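Participant: These are the residues of each chain, in order.
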Amino acid sequence: MSRKAAATRRRAWAATRYHVIGLVTSLLFIAPIAWSMLVSFKSTTEAARPPLPPWPVEGFTTQSYENLAQYGVGIWTYAGNSLSVAAATVVVTVFISLLAGYGFSRFQFPLKNALFVLIISTVMIPFQSILTPLFLILTRLGLQNTLPGIVLIYVTLHLPFSIFMMRNAFDAVPKEIEDAARVDGASVFLMLRRVMLPLVLPGVATVAIFAFLASWNEFLAALILLTDQRKYTLPVMMAAVRSGQFGTIDWGAVQSGVMLMMAPCLGLFLLLQRYYIRGLTAGAVK
Amino acid sequence: MTAETATIELRGVRKSFGPVDVIHKLDLLVKGGEFVVFVGPSGCGKSTLLRMIAGLEDVTDGDILIAGRDVTDLDPAKRGIAMVFQSYALYPHMSVRENLAFGLEIAKVPAAEIRRQVDAAAEVLKIGPLLDRRPGQLSGGQRQRVAIGRAIVRKPLVFLFDEPLSNLDAELRVSMRAEIARLHRELGNTMIYVTHDQTEAMTLADRIVVLRDGRIEQVGSPRAVYENPANLFVAGFIGSPRMNIVDGTCLDGNRVAIGGTEITLEAPIPAAAAEKIKLGVRPEHWSAGQAQDNALPAQVEFAEYLGSTRYVHCRLATGDLITIEQRGGPEALPGENLWLRCDQRAVKFFAASGEARQGS
Ligand SMILES: Nc1ncnc2c1ncn2[C@@H]1O[C@H](COP(=O)(O)OP(=O)(O)OP(=O)(O)O)[C@@H](O)[C@H]1O
Ligand SMILES: [Mg+2]
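If you're matching them up, the sequences are chains H and S in order.
Note that our numbering gives residue 52 to position 52 of the first sequence, counting from 1, and the numbers run on in steps of one.
Note that our numbering gives residue 131 to position 131 of the second sequence, counting from 1, and the numbers run on in steps of one.
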């Protein structure tokens, strides 16, 4: 056999191995999601039976989704609550961490590092341990059992990480680009918006995704701070679905809830993933 | 196209970062249309001074005037300056065209006018075909052209360059240097240029400003600075390899003792009898031979061959290391003993304090 043929075979074998391993790994990750999805299309009675085979044998039906939609005051209220809480959390977190990150990165002021360490160190406090004081503060502010109240809590929880993220992002942008913008006549805010923001977008995307996922999925604070059923967010509502009504659990509804909760997260990832692509600052300097 | 030219005047300018004084009470007048180069060792405050003129750094004390107008407290954009940075500092997310247009856009120049000016600048710098690319898709030289283009479209009174060529390779540096010289000829603007590079300073400058530790050591034409350094620092800093400095003691009139050897000079030495004095002679003003009268004994340590010239490093009896430049002639071997003579008219005298003494 010629050396060339051997090389070709070796390359083919390497490619096969690469693809098989990749395929198996991705199957491992996709399987539970696919399972949930298949179950969510079973009828209510079928979903309650032993789970094999995982796909609906009595035909696809959207009955579970309809059941879920009827739940409590209606699924769209909960989804709306969750969405507005998550969106507001993202917007406020991004806005504050952008300005704070820029300030920490570029300005010199007394006690700067002490303040930064103080902010970061709040990450070390498990927030479950301060739920009671948080609850009391919100009550004092008249914000307990309101969505803005819970948004404030989420923003507070995410800011340390987000400010850290944004400071790093700004630190990575060379100072001379900013100087160039100043020579070009840009005011601080114009410079931030037109020059700096596009350069720290990967950082913003990261902050946004984390803030969204965490506030979208957060359960404990929402459970404790929101007492009115109409204010519930999806995780609280899902806990109620999962604990069942009158002793029976609608597994189909649970799985369709999982699908519903996953969809925006997936969408956000797909939307923002291109900002993870590195090298946006390539060519600015050196 | 010779634009109106602007003078730059620094009056008692000081800068401190906290307790550290970086620029000490500095006065300088740059004439309209002049090309001035700041040189000095790393950390001497060249960039800081340039950034103060640009308005990117606050002035601790003193005034800065551009075209007779006090700009000390004005924003960079309102000073009539444009700056080219060492790192190019292009906006990486914008195309070349957008990079050039950004400043004009902020100044609310009409779109058609922006287009015209950007195209004109692209024409001057031959970057027309690159206008739609991003900085990341350009070579180093092209990026520096774009950075210069961004400065040109602002139609500034004054161009400020902070080591614009130091990120380029040697060959590109030579051609960009010629390009900047051409630009200065064509535009006729006042330009201030910071560099580490001796050749850039010598070839580009109308006047060189030598800085050390935030003070001006000497201001003068390249020729004046090279041939008549004001003190030992300038003598050592300008010129490569550096000027050789030899310690001597003035005996009387025109005789000097250098490490036990007595040398008689043609002209009287500007020093009192028995006074210590330093003699500076550039490498090209030495000759080595076997003749022993009026020459210094030295031993060759090593030689560097550079093609057209050869640098021979010799140790004097006093312990001083002397570099001499040779063109042709027999090769000097390490360990060989030579007698060094210098061109007497080229000898510079410095007092022990470092100040130059005028010979006659
Ligand atoms: N923001 C700052 N804070 C404190 N000190 C500074 C700051 N910027 C510069 N310095 C100090 O000021 C001095 C002059 O710096 P500058 O950058 O002007 O030097 P330079 O002559 O341009 O040097 P180089 O040739 O290395 O570029 C240095 O000692 C530097 O440490
Ligand atoms: Mg510098």
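Don't read these hints as lab results, they were simulated from the structure.
Check the hints yourself; a few may be wrong.
Claimed, not checked - Derived DSS-like pairs (lysine-lysine); straight-line CA-CA distance at most 25 Å: (1) H:K175 to S:K31; (2) S:K78 to S:K108; (3) S:K31 to S:K108; (4) S:K126 to S:K155; (5) S:K78 to H:K175; (6) H:K175 to H:K112.
Fair warning: this is a prediction, and the values are worked out from it, not measured in the lab.
Participant: Tell me, which hint numbers fail for this structure?
Facilitator: 1 and 3
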